[in-house]
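Novice: Spelled out, the chains give:
There are 2 protein chains.
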Amino acid sequence: MDLEARIHSEHPDELRLWLRLLTCTQLIETRVRFNLREQFATTLPRFDLMSQLEREPDGMLMKALSQRMMVTGGNITGITDQLVNEGLVERRDVEGDRRAYRVCLTPRGRKAFATMAREHEAWIADAFAALTSAERNTLAKLLGRLKSHQKSMEAQTA
Amino acid sequence: MDLEARIHSEHPDELRLWLRLLTCTQLIETRVRFNLREQFATTLPRFDLMSQLEREPDGMLMKALSQRMMVTGGNITGITDQLVNEGLVERRDVEGDRRAYRVCLTPRGRKAFATMAREHEAWIADAFAALTSAERNTLAKLLGRLKSHQKSMEAQTA
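Residue numbers (the numbering used here), protein chains in the order written: chain R, 192 to 349; chain Z, 192 to 349.
Honestly, the hints are just simulated from the structure, not real lab data. Any given hint could be a false lead.
Pairs involving identical chains hold if they fit within one copy or between any two copies, as the list cannot separate such chains.
As the list claims (entries may be wrong) - Straight-line distance between alpha carbons at most 25 Å, and here's what the computed SDA-like set of lysine to any residue pairs gives:
#1 K338 <-> E229
#2 K342 <-> A321
#3 K342 <-> G287
#4 K302 <-> A321
#5 K342 <-> G269
#6 K254 <-> W314
#7 K254 <-> L210
#8 K302 <-> H202
#9 K302 <-> P248
#10 K302 <-> T233
#11 K254 <-> T271
#12 K338 <-> R222
#13 K332 <-> R301
#14 K338 <-> D239
#15 K332 <-> L213
#16 K332 <-> E247
#17 K332 <-> V223
#18 K254 <-> D317
#19 K342 <-> E277
#20 K332 <-> L322
#21 K342 <-> R283
#22 K338 <-> P236
#23 K254 <-> T323
#24 K332 <-> S257
#25 K342 <-> V275
#26 K338 <-> V262
#27 K302 <-> E201
#28 K342 <-> Q217
#29 K342 <-> T268
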């Protein structure tokens, strides 16, 4: 079965390219989810949430956190509660606003994340190992153009 | 905010490339979901399901259908029920197996899908319009290598 086989259209190369882009993303993401579960008994939304907090030593407001998440499908409040219960994340009061709080990694959470992040990096390096450094550069450049184009279309609609 | 900014690792270019790939896929997918909702009051899983059936005039068994779906997050039985209720899809008995059935598009479903597919093609062509035909070929080739590599890693693990 090849998903690209079903194409019979006026824009066959764009459609084929889109399905290929989608398939690559899904294959890599599926492997990352599998490895996170097998090696760390965790999920991609949990990993993603910790990775957002990792670069904000002062913590983040929940709203900013949910805007930054790369992965959908996670209930951010629920995941935060879990991580707090496990001692990996803590809530801190916001001065001058009694209803708001910031979320940050605990020292233990930071350490746990560093271990996972090192492995995650190796999985991603493996995923792209079939391409040379020059090919990765070319791919990055083309995807950069594709990304800017989507953002400019988005800006026109908004 | 740029998601690529958070990288400080030993494999910075692979990680950056992965986030860029993920971002491109998400931006295009978000736009497709938005357009399907605005223009056809439908969802990506419904569109995806109809597109799988479109190339199988004799219909598909539910199991085969769920394996082919590109998009996750849809309850396939639920979506099929909806489309049956709307007269876009029908169930047919399977000879010699009283418990199984095949699912196929009705003539009305086929017509409705053709209209949506034509628009969908135009959205995808727009999404890639920033790249020349030669650049799209290069991108397709690089993504093809990336895809084969994931599939060969998958085969080694399985």
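Novice: All the hints need checking, so say for each whether the structure fits it.
Specialist: A quick look at each hint next to the structure:
1. K338 <-> E229: Only across copies: K338 and E229 sit 23 Å apart there, 32 Å inside one copy, limit 25 Å.
2. K342 <-> A321: For K342 and A321, the Cα distance is within 25 Å only across copies (12 Å; inside one copy 29 Å).
3. K342 <-> G287: neither (36 Å within a copy, 53 Å between copies)
4. K302 <-> A321: neither (31 Å within a copy, 42 Å between copies)
5. K342 <-> G269: Cα proximity of K342 and G269: none, with 30 Å in one copy and 34 Å across.
6. K254 <-> W314: neither (30 Å within a copy, 31 Å between copies)
7. K254 <-> L210: between (33 Å within a copy, 21 Å between copies)
8. K302 <-> H202: between (49 Å within a copy, 19 Å between copies)
9. K302 <-> P248: within (13 Å within a copy, 55 Å between copies)
10. K302 <-> T233: within (15 Å within a copy, 44 Å between copies)
11. K254 <-> T271: So K254 and T271 pass the 25 Å test inside one copy only (12 Å; across, 36 Å).
12. K338 <-> R222: Answer is both: 24 Å inside a copy and 13 Å across each meet the 25 Å cutoff.
13. K332 <-> R301: Intra 32 Å, inter 39 Å, cutoff 25 Å: neither.
14. K338 <-> D239: both (21 Å within a copy, 24 Å between copies)
15. K332 <-> L213: Both ways: K332 and L213 sit 18 Å apart in one copy and 14 Å across, limit 25 Å.
16. K332 <-> E247: For K332 and E247, neither the intra-copy (28 Å) nor the inter-copy (38 Å) Cα distance is at most 25 Å.
17. K332 <-> V223: both (24 Å within a copy, 23 Å between copies)
18. K254 <-> D317: The answer is neither: 34 Å in one copy and 32 Å across copies each exceed 25 Å.
19. K342 <-> E277: Intra 38 Å, inter 36 Å, cutoff 25 Å: neither.
20. K332 <-> L322: So K332 and L322 pass the 25 Å test inside a copy (14 Å) and across (11 Å) alike.
21. K342 <-> R283: Intra 34 Å, inter 45 Å, cutoff 25 Å: neither.
22. K338 <-> P236: both (23 Å within a copy, 24 Å between copies)
23. K254 <-> T323: Answer is neither; intra-copy 39 Å and inter-copy 39 Å both fail.
24. K332 <-> S257: This pair counts as neither: shortest intra-copy Cα distance 28 Å, inter-copy 35 Å.
25. K342 <-> V275: Cα proximity of K342 and V275: none, with 35 Å in one copy and 37 Å across.
26. K338 <-> V262: both (17 Å within a copy, 21 Å between copies)
27. K302 <-> E201: Classified as between: cross-chain Cα gap 17 Å, same-chain 52 Å, threshold 25 Å.
28. K342 <-> Q217: Classified as both; 22 Å inside a copy, 11 Å across copies.
29. K342 <-> T268: neither (28 Å within a copy, 35 Å between copies)
When held up to the earlier numbered hints, the structure conflicts with 3, 4, 5, 6, 13, 16, 18, 19, 21, 23, 24, 25, 29 and fits the remainder.
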